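Q: Residues per chain, in single letters:
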Amino acid sequence: DTGVSQDPRHKITKRGQNVTFRCDPISEHNRLYWYRQTLGQGPEFLTYFQNEAQLEKSRLLSDRFSAERPKGSFSTLEIQRTEQGDSAMYLCASSLAGQGPHTQYFGPGTRLTVL
Amino acid sequence: ELKVEQNPLFLSMQEGKNYTIYCNYSTTSDRLYWYRQDPGKSLESLFVLLSNGAVKQEGRLMASLDTKARLSTLHITAAVHDLSATYFCAGEPYGNKLVFGAGTILRVKS
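So the protein sequences, as listed, match chains A and B.
If you're matching positions, the first sequence starts at 45 in our numbering and goes up one per residue.
If you're matching positions, the second sequence starts at 17 in our numbering and goes up one per residue.
Simulated from the structure, these hints should not be mistaken for lab results.
Nothing here was measured: the structure is a model prediction, and the numbers come from that model.
Keep in mind that the hints are not guaranteed to be accurate.
What the hints assert, rightly or not - Covered stretches of chain A, going by a simulated chain B footprint (3 or more residues, C-beta under 8 Å):
(1) 84 to 92
(2) 151 to 158
Stated by the list, open to error - Calculated pairs, DSSO-like style, for lysine-lysine (alpha carbon to alpha carbon, straight line, at most 27 Å):
(3) 19(B) <-> 101(A)
(4) 58(A) <-> 101(A)
(5) 55(A) <-> 57(B)
(6) 57(B) <-> 58(A)
(7) 57(B) <-> 101(A)
(8) 57(B) <-> 72(B)
(9) 57(B) <-> 19(B)
(10) 19(B) <-> 84(B)
(11) 33(B) <-> 125(B)
Stated by the list, open to error - Listed next, with one range per pair, are the computed distances between beta-carbon atoms:
(12) 73(B) <-> 60(A): 48 to 56 Å
(13) 31(B) <-> 84(A): 20 to 28 Å
(14) 73(B) <-> 61(A): 42 to 50 Å
(15) 97(A) <-> 36(B): 34 to 42 Å
(16) 126(B) <-> 60(A): 42 to 50 Å
(17) 141(A) <-> 73(B): 22 to 30 Å
(18) 54(B) <-> 102(A): 19 to 27 Å
(19) 89(B) <-> 62(A): 42 to 50 Å
(20) 58(A) <-> 56(B): 18 to 26 Å
(21) 78(B) <-> 117(A): 31 to 39 Å
(22) 124(A) <-> 126(B): 46 to 54 Å
(23) 96(A) <-> 43(B): 24 to 32 Å
(24) 108(A) <-> 43(B): 25 to 33 Å
Glycine residues also receive a C-beta, built at the ideal position from the N, C-alpha and C atoms.
Taking the hints into account, I'd like the entire structure generated from these sequences.
A: If you want it as structure tokens, here you go:
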């Protein structure tokens, strides 16, 4: 298994455009998380899925953000009408929930720049 | 709401020296995690601490957890340049999302 993958790795867009990011988790992992990280800060939780169900969304996730995990495998995060404040690294992580600790394994991230 | 504070936020140390990074958290956390992040890269899991008094060691890094004091420490022994990175601690309030500290930037000088 090659770990969590994300695509694209970098995205430059103009303000007002829509963007979509994809995350492929580790294959047997049933939980998938999205975080956002800005320069000099720790990652901030956005949302997470258990299988295909979206179980929690942060207040940070405005109406312009939507995430899906349609078949409980890969996930997409869409940002509509991007703003300059959306510029950040978007990190995806996955874990296997069950008994004991379920360490989250992070992907390489998608760096978004909104001009 | 869980809040996590790390200190120091920046640490410059000489090779061969010892130092400790502190991580305080505000409310109950199921577990405490330590991650490492190299510049431009993603986060690498270092340790998971499950219970009071837990201690884990890997190479020159040792992490401990005191749930009564709501404090975790990451101790660096005889630092080497390869340890230069940003270190994050994270709490897990409800067994799902992680709440991260701001990170400690470690620079080891030869």
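Q: All hints, please: hold or fail.
A: Structure-based check of all given hints:
no.	hint	verdict
1	84 to 92	holds (count 7)
2	151 to 158	holds (count 3)
3	19(B) <-> 101(A)	holds (18 Å)
4	58(A) <-> 101(A)	holds (26 Å)
5	55(A) <-> 57(B)	holds (16 Å)
6	57(B) <-> 58(A)	holds (24 Å)
7	57(B) <-> 101(A)	holds (25 Å)
8	57(B) <-> 72(B)	holds (24 Å)
9	57(B) <-> 19(B)	holds (24 Å)
10	19(B) <-> 84(B)	holds (16 Å)
11	33(B) <-> 125(B)	holds (10 Å)
12	73(B) <-> 60(A): 48 to 56 Å	holds (51 Å)
13	31(B) <-> 84(A): 20 to 28 Å	holds (25 Å)
14	73(B) <-> 61(A): 42 to 50 Å	holds (48 Å)
15	97(A) <-> 36(B): 34 to 42 Å	holds (41 Å)
16	126(B) <-> 60(A): 42 to 50 Å	holds (48 Å)
17	141(A) <-> 73(B): 22 to 30 Å	holds (27 Å)
18	54(B) <-> 102(A): 19 to 27 Å	holds (26 Å)
19	89(B) <-> 62(A): 42 to 50 Å	holds (44 Å)
20	58(A) <-> 56(B): 18 to 26 Å	holds (24 Å)
21	78(B) <-> 117(A): 31 to 39 Å	holds (37 Å)
22	124(A) <-> 126(B): 46 to 54 Å	holds (49 Å)
23	96(A) <-> 43(B): 24 to 32 Å	holds (31 Å)
24	108(A) <-> 43(B): 25 to 33 Å	holds (30 Å)
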